[in-house]
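Colleague: Each chain is listed here by its residues.
2 protein chains.
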Amino acid sequence: MTHQTHRVTFEPDGCNVFVLDGATLVEAAGRAGIILNQPCGGEGACGKCRVEVLEHAPEPTPSDRKHFSEQELERGWRLACQLHVTGDMVVSIPQQTRFFEQTVLTEGKGAFYPFEPNVRKIFMELPSPSVDDQRSHLDRIRDAAGQGPLTANLALIRSLPGVFTDGAGAVTAVFEGGKIQEVQPHDTTGTLWGVAFDIGTTTIVGALMDLRTSSGATTAAVAARTNPQVHFGDDVVSRISFIEKDPQGLEKLRERLLVCLNEIIAELCEQAGAEPESIHEVTAVGNTTMTHIFLGVSPSSIAHAPYVAVLREGVDVSARQVGLRVNHNANLYALPNIACFVGSDTTALMLASGMGQRQDICMGIDIGTNGEIALGNQDRLLACSCAAGPAFEGARIRYGMRAASGAIAEVVINDEIEVSTIGGGPPTGVCGSGLIDAVAELLRVGIIHETGRILGPDEAPRDLAEPLLNALTTFDGQPAVVLAAAHRSKTEQPILLTQRDIREVQLAKAAIQGGIGVLLDEFGIAPDGLTQVLLAGGFGNFIHRSRAKRIGLLPPISNDRIEFIGNAACAGAKIALASRSSRQEAERLSRVTEYVELAGRPDFQERYTEALLFTNAEG
Amino acid sequence: MTHQTHRVTFEPDGCNVFVLDGATLVEAAGRAGIILNQPCGGEGACGKCRVEVLEHAPEPTPSDRKHFSEQELERGWRLACQLHVTGDMVVSIPQQTRFFEQTVLTEGKGAFYPFEPNVRKIFMELPSPSVDDQRSHLDRIRDAAGQGPLTANLALIRSLPGVFTDGAGAVTAVFEGGKIQEVQPHDTTGTLWGVAFDIGTTTIVGALMDLRTSSGATTAAVAARTNPQVHFGDDVVSRISFIEKDPQGLEKLRERLLVCLNEIIAELCEQAGAEPESIHEVTAVGNTTMTHIFLGVSPSSIAHAPYVAVLREGVDVSARQVGLRVNHNANLYALPNIACFVGSDTTALMLASGMGQRQDICMGIDIGTNGEIALGNQDRLLACSCAAGPAFEGARIRYGMRAASGAIAEVVINDEIEVSTIGGGPPTGVCGSGLIDAVAELLRVGIIHETGRILGPDEAPRDLAEPLLNALTTFDGQPAVVLAAAHRSKTEQPILLTQRDIREVQLAKAAIQGGIGVLLDEFGIAPDGLTQVLLAGGFGNFIHRSRAKRIGLLPPISNDRIEFIGNAACAGAKIALASRSSRQEAERLSRVTEYVELAGRPDFQERYTEALLFTNAEG
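Each protein sequence line maps, in turn, to chains W and Z.
Following our numbering, the numbering of the first sequence begins with 128 at its first residue and continues without gaps.
Following our numbering, the numbering of the second sequence begins with 128 at its first residue and continues without gaps.
Treat the hints as calculated values from the structure; they're not laboratory data.
Mixed in with the good hints there might be a few duds.
In this list, chains with the same sequence are indistinguishable; a pair is considered to hold if it fits within one copy or across any two.
With a straight-line Cα cutoff of 25 angstroms, these simulated SDA-like cross-link-like pairs (lysine to any residue) come out [what the hints assert, rightly or not]: (1) Lys-306 / Arg-707; (2) Lys-175 / Gln-711; (3) Lys-379 / Ala-282; (4) Lys-193 / Ala-279; (5) Lys-379 / Asp-362; (6) Lys-372 / Gly-289; (7) Lys-306 / Ala-432; (8) Lys-372 / Glu-619; (9) Lys-306 / Ser-219; (10) Lys-175 / Asp-542; (11) Lys-379 / Leu-283; (12) Lys-175 / Thr-278; (13) Lys-379 / Gly-289; (14) Lys-617 / Asp-373; (15) Lys-617 / Asp-603; (16) Lys-372 / Ile-652; (17) Lys-306 / Leu-200.
Here the structure is a predicted model, which means the values were calculated and not measured.
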């Protein structure tokens, strides 16, 4: 039988998730896309992850008693990191407990970015011109803004006579940094929106943020789509190949992407009841190839030795010129990349985690279609890219799938193989965390050898329980393991883990393990020197630390130092939207981070080869 | 008979002009469009206006003997301000004697602008990228430039892969201020051009400048055209009316203007053998209405009380976006205006004269279709606009014409009326300087009364010579004076000065005289407090100081303080092109200059009414 699952409802978001019995509320929230702030790393020490359990609050823990008054405890206040879900519950998560808002609004562990959007609106009632006050329209606005010198482009200047047609001086000026972006008649300060995009190779996420000073940088809507470029190839190299073969290739890929981005913008606006015309700024992160394609810059040189990008730094360009359907004068800030294979999504991770401003040393790992790793502190920063491939996203795995409803996300082996799915229904496939669990558990009970080979019934440990022996089968002439039998799966077909699947996991984890090892060596520290390992990516929120360590995917450090930070790429894009001063830090991170090229490094080759085995596995 | 004229040929320019016997070489050069530097105001004191008379050098003056060695005198070196033309001659004018180059390259009387164009080219042989040097294309260029942070726009970034297609690292980067404007394959530093435009209501002048560091800011070609907008009205107000009546009016006027500007660019390129693609920057000055129309900004609010411009300050915009056929990435800097009726042409005059940086107080007067006056020094600057109308350009005058071949440019009355024309041929009409001369001389001999009335034969002084009495006639029932009889004119019609013509001159000079008076009062000085009166405009080079003072057009100060500075508007545009630091001074001048609105000022009304009379006339 499968593990028991519980439904957790989050307020005010109103979304439900199903989690395994005993999971912490932090992980449940992560599954709902809500990342909680845990400065102490989930040890119940800092008291920051405060939530209010509205229905079915469990008994308070000793940590709860330390951080809440008797009255608060009665009302249901608990620390999320200490709360283990043992039944259905309804939980309210206040703004200040949420990761992003915490990072942006207050001084977190490392990063402090004030809420100070690059765009802002000021309503001004300008005095009527007279013979004694013949200042130009533009001077009038500039003087009223009471700021330093401001620039304006031709389109803005050309629009001014129309705005002042009726002689009325009641206007709203939209400022973008030191530039007057737009002047609108009357008071329009009631709305001011921005959109942050994370343009992944496989998935694109957009977030609509309320940028009014009064809003405190709330996220009003989030939407995601599969990157339509996947039709042209799963990975960046195959897309670059397409661009090189088809003279219109770059434009074709760019157009597909823009259709998708504009659909996301429309959906965000519909969710929040916003007008695209009120979106005055867009920020975007992505890997270096995605950034190039998005901006219409040929990424060809990225794919060929010696691997050179056209553009590293961040750019401010007209969002309309790029093709986004937002306000005509809106600005697009594409965050800076670090190297050809370490894009602005990694810069965003570093920005969101504040790792470049901290004294202690931490490591950020973003496992998406590829794996990027950043390591360091305020004194030195390293980054590398591991050609891990998309195995953990379910690709190239026989019954692989994304972390969606019906995906096996957890596997426990006692006397039999017990699986738990996202949503709690019958399984349809296996996602990254399920894959890690399955391999880790099969290794532990001895069904998989340290070389990765699935042992035959005759080779398996003698004390193996009957149901486990029965799970051993073959597929396409290769050994395989039945994770869920046909009568239990939604598809009425057994869900198998094949020998080939395990090879894919080996290759992927070896690439990441090798990259982590090289970065640690290069920095000159042992895994123990890391204060924290920050796991980013949708993937990161669902994997089980111990099992990821058991297969060697994560370095051997204590679980409490491994923190899930959710979609840090998107969080970084949101920070850049909410805080203009954070952009300087992003540009600095891009400049100072040393890119470590793994290809061709003998020490990487050695570590990679070693890591193909599961010998480092720990219990 | 007419005065004797002489031909003066200027080298290395190779152009000829005809001047009256006794004219100074400075005035002759001015007629050829060559403005000489005269820091001492033409007193033969400073020795800066050195020229070499190649043929028919006159006897050296005492000043010449002070400033040149015997050997130099023998070779023909003379001071232009002391040289009176008494025969045909050929003169070579070295670069350092010319006004503009002097102003730009060395410390002149007031202004010092280093030769430091906003655009510059750098040829760089970039090291080939390698696994050890994976800097982005853009970083590679930035590092090679060895300068501070540089920006780049999307078009530039998109062009880079094409430039680096063949992997070659030999490129020329075009820098525009702190921006990379373009990157070109191979070494293109052999050419770098800029164009300076003076967009007058009536006349447009363009100058092509060599902006290579080695060139010392030489002017390679100059071309002029009549502003085709004259079809829509003579003055700015009638053009604004057209824009207000026709919904497409602004675009129609703008298109006409652009056709003309592009013709000038083509002509300049042909003259100098340059490619439009090699023009990387354009500067432009004009009155405020012309600047607005040129930029596509509605000038409507300029024409109506309380008279407000949309734009005062200077702007940097894409030259292509504005419609100029130059390099795709070229920048256009439109110099800052001062007020609705004091445009960037006046800013340019102040810039070229350096009056805003001087301790002594001087006045600049630019008489074009209107008259603009600037007054002040480094501590305070005033400017006003006089609705003088186009009389001095020949408009609204019965036989009026521009200062072109056949125009009566000088009038002397002894026993008869003697006229001298531009080019020396038979007269076809009368231009501004001829008009001033004629009125001044007719006043002197008593044919015109101080009220401006032409006296009848019975009222005229009794001692009037017979030929003068015979010159009195009538036209259209009004008194008139024959300047050239039918048998002497090219048209075989008599060239008359009518009573109505004299009224036009009265109105025009009263407006300027009134404006000068108000500015002097406002500043709190008498005419005698002026170190210099700088006369700008094509017109300014041809008028005779004493006669202009006699009719009251110029304030009563000694002739040696009145200096002709030629097309100062164009000179200012050229300075802005040659020296980026001068633009800060232009912006400062635009900000600090106090605009004095004459309309509705009682003191102006009083002075204007007084000035309608010729009572201030001096001998």
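Colleague: For each hint, tell me whether it holds in the structure or not.
Modeller: Status of each hint after checking the structure:
In the homo-oligomer, the alpha carbons of Lys-306 and Arg-707 lie at most 25 angstroms apart both inside one protomer (13 angstroms) and across protomers (21 angstroms), since each shortest distance falls under that limit. Within a single copy, Lys-175 and Gln-711 get their C-alpha atoms no closer than 28 angstroms, and across copies no closer than 53 angstroms, so neither meets the 25 angstroms cut-off. In this homomeric assembly, Lys-379 and Ala-282 come within 25 angstroms of each other (Cα to Cα) only across copies, at 18 angstroms, whereas the closest approach inside a single copy is 29 angstroms. With identical chains, the CA atoms of Lys-193 and Ala-279 are never at most 25 angstroms apart, being 56 angstroms at best within one copy and 55 angstroms at best between copies.
Within a single copy, Lys-379 and Asp-362 get their C-alpha atoms as close as 16 angstroms, which meets the 25 angstroms cut-off; across copies the closest is 52 angstroms, which misses it. In this assembly of identical chains, the alpha carbons of Lys-372 and Gly-289 lie at most 25 angstroms apart only when taken from different copies (16 angstroms versus 48 angstroms within one copy). In this assembly of identical chains, the alpha carbons of Lys-306 and Ala-432 never lie at most 25 angstroms apart, being 40 angstroms within a copy and 29 angstroms across copies at closest. Taking CA atoms no more than 25 angstroms apart as the test, Lys-372 paired with Glu-619 passes in neither setting, with 42 angstroms inside one copy and 77 angstroms between copies.
For a Cα distance limit of 25 angstroms, the shortest separation of Lys-306 from Ser-219 qualifies neither inside one copy, at 41 angstroms, nor across copies, at 51 angstroms. Proximity of Lys-175 to Asp-542 under the C-alpha cut-off of 25 angstroms is found in neither arrangement, the shortest distances being 39 angstroms within a copy and 106 angstroms between copies. Taking the shortest alpha-carbon separations for Lys-379 and Leu-283, only the inter-copy value of 21 angstroms comes in at or below 25 angstroms, while the best intra-copy value is 31 angstroms. When the C-alpha separation of Lys-175 and Thr-278 is checked against a cutoff of 25 angstroms, the pair qualifies neither within a copy, at 43 angstroms, nor between copies, at 42 angstroms.
In this assembly of identical chains, Lys-379 and Gly-289 lie within 25 angstroms of each other by CA distance solely across copies; the values are 18 angstroms between and 37 angstroms within a copy. Proximity of Lys-617 and Asp-373 under a CA criterion of 25 angstroms is satisfied in neither setting, with 41 angstroms inside one chain copy and 71 angstroms between copies. When the C-alpha separation of Lys-617 and Asp-603 is checked against a cutoff of 25 angstroms, the pair qualifies only within one copy, where the shortest distance is 22 angstroms, while the shortest distance between copies is 108 angstroms. Taking the closest pair of Cα atoms, Lys-372 and Ile-652 never come within 25 angstroms of each other, the shortest separation being 45 angstroms inside a single copy and 77 angstroms across copies.
In the homo-oligomer, the alpha carbons of Lys-306 and Leu-200 never lie at most 25 angstroms apart, since the shortest distance is 50 angstroms inside one protomer and 60 angstroms across protomers.
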